[in-house]
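Using the sequences plus the hints, can you model the full thing?
Going by my numbering, the residue at position 62 of the sequence shown is 97; the numbering climbs one at a time, nothing skipped.
Derived by calculation from the structure, the hints in this document are not laboratory data. If you're wondering where the values come from, they're calculated on a predicted model, not measured in any experiment. Hints may contain errors.
Claimed, not checked - Okay, derived cross-link-like pairs now, PhoX-like style, lysine-lysine, Cα gap no bigger than 20 Å in a straight line:
no., residue 1, residue 2
1, K140, K151
2, K151, K141
3, K52, K159
4, K52, K178
5, K87, K140
6, K141, K87
7, K94, K121
8, K95, K121
9, K141, K121
10, K140, K121
11, K121, K87
Claimed, not checked - Restraint-style ranges between C-beta atoms, simulated for each label pair:
no., residue 1, residue 2, range
12, I117, Q156, 40 to 46 Å
13, Y70, T107, 19 to 25 Å
14, T50, S135, 53 to 59 Å
15, A181, T107, 56 to 62 Å
16, S119, S145, 21 to 27 Å
Don't be surprised by glycine CBs; every beta carbon is placed ideally from N, CA and C.
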Amino acid sequence: MSVNVYQLPIEQLETLKEQLDNDMQSLGTAYDGLYNGRNRYQDNHDVIDQYKVVCESAKKEGTEQEVLVCMTSSLFVRGTVIPSEKVLVDVGTGYFLERSMEHAKKYFTSRAAQIKESMDQVEKTIVIKQHQQNQVIDALQQKTVAMQRYREENGSE
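In structure tokens, the structure reads:
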């Protein structure tokens, strides 16, 4: 069912505008979260390529390569690269699966694509809400101008 916002009273328009503002803020936050999640999966995909190069280099040299391993945003510990064809993949809620590098890359690509689909849906909803918000703002402006004119005409008599 569709409502003609131009027929609603100002009080309802203001309430509707506030609700749409809240919806837009929530959708924006959701989109940002999805965007960041997608970037993490894409970064993980790229890191596997980098790790593969490091492993190949370590195998060729036949020596252990020391690296700094990022534990948190501000904590790094020394580590040694152990060449391997397998990596641990974080599949959520504290679970890790050992997978081949190629399988892990496919997993990260697949998850990034799924998140992109969700982002597209949120983006479509944002466009719809923006259109609705613009209609409500336009209706509010028209009603406000009409009320001011009415007051000017009736107040000056």
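Hints, one by one, checked against the model:
Pair hint K140 plus K151 holds up; C-alpha atoms about 16 Å apart against a cutoff of 20 Å. Simply put, K151 and K141 have alpha-carbon atoms about 15 Å apart, close enough for the 20 Å limit, and the pair holds. A threshold of 20 Å between alpha carbons decides the hint, and for K52 with K159 the separation of about 19 Å falls inside it, so the pair holds. Annotation: proposed proximity of K52 to K178 holds, straight-line Cα distance about 14 Å (limit 20 Å).
In summary, the hint linking K87 to K140 is supported, as the alpha carbons are separated by about 11 Å, within the 20 Å threshold. The hinted pair formed by K141 and K87 meets the criterion: a straight-line CA distance of about 15 Å does not exceed 20 Å. Restraint check for K94 and K121: the C-alpha separation of about 15 Å stays at or below 20 Å, so the hint holds. Between the alpha carbons of K95 and K121 the distance comes to roughly 18 Å, so the proposed pair stays at or under 20 Å and holds.
Among the hinted pairs, K141 with K121 is consistent with the structure: their alpha-carbon atoms are about 13 Å apart, no more than 20 Å. A hinted pair counts as satisfied when its Cα atoms are at most 20 Å apart, and K140 with K121 qualifies at roughly 11 Å. Restraint check: the Cα-Cα separation between K121 and K87 comes to about 10 Å, which is no more than 20 Å; the hinted pair holds. For the pair I117 and Q156, the supplied restraint of 40 to 46 Å holds, since their beta-carbon distance comes to about 42 Å.
The given range of 19 to 25 Å is respected by Y70 and T107, whose C-beta atoms sit roughly 22 Å from each other. A beta carbon spacing of about 56 Å between T50 and S135 agrees with the range 53 to 59 Å that was offered as a hint. At roughly 59 Å, the beta carbons of A181 and T107 sit within the given window of 56 to 62 Å. Checked against the hint of 21 to 27 Å, the pair S119 and S145 passes, with Cβ atoms roughly 22 Å apart.
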